[in-house]
Amino acid sequence: MPSRIQARVIARVEEMSNDLKGDIKRLTSFTPEYRLRVGDYRVLFEIEEKTIIIYRIRHRREAYK
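In my numbering, the protein residues as written are 63 to 127.
A couple of the hints might just be wrong.
[What the hints assert, rightly or not] Straight-line C-alpha distance at most 25 Å; calculated BS3-like pairs for lysine-lysine:
| hint | residue 1 | residue 2 |
| --- | --- | --- |
| 1 | Lys112 | Lys87 |
| 2 | Lys112 | Lys83 |
| 3 | Lys87 | Lys127 |
Hint data in this document are derived by calculation from the structure and do not stem from the laboratory.
Because the structure is a prediction, the values reported are computed rather than measured.
Using the sequences and the accompanying hints, generate a full structural model.
Now the structure itself:
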């Protein structure tokens with residue numbers, strides 16, 4: 063992943079950790095339960111109580127395989 067995209071992903075994850083805002087969608091038949099969209103990349107995560115668990119960060123072509 064290019065460094066400029068890494069910086070965007072880190073910034074969006076930090077924003078999300080404060081108040082769960084952003085392009086977040088609950089996934090219906092997929093585990094993990096949520097995704098955050100950052101350009102062409104997807105951050106797949108779950109929320110357990112007050113903890114966000116990030117499972118993977120992948121390009122959208124590879125994220126749901």
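Here is what the structure says about each hint:
{"no.": "1", "hint": "Lys112 <-> Lys87", "verdict": "18 Å, holds"}
{"no.": "2", "hint": "Lys112 <-> Lys83", "verdict": "15 Å, holds"}
{"no.": "3", "hint": "Lys87 <-> Lys127", "verdict": "17 Å, holds"}
Violation of the numbered hints given earlier is absent; every hint is satisfied by the structure.
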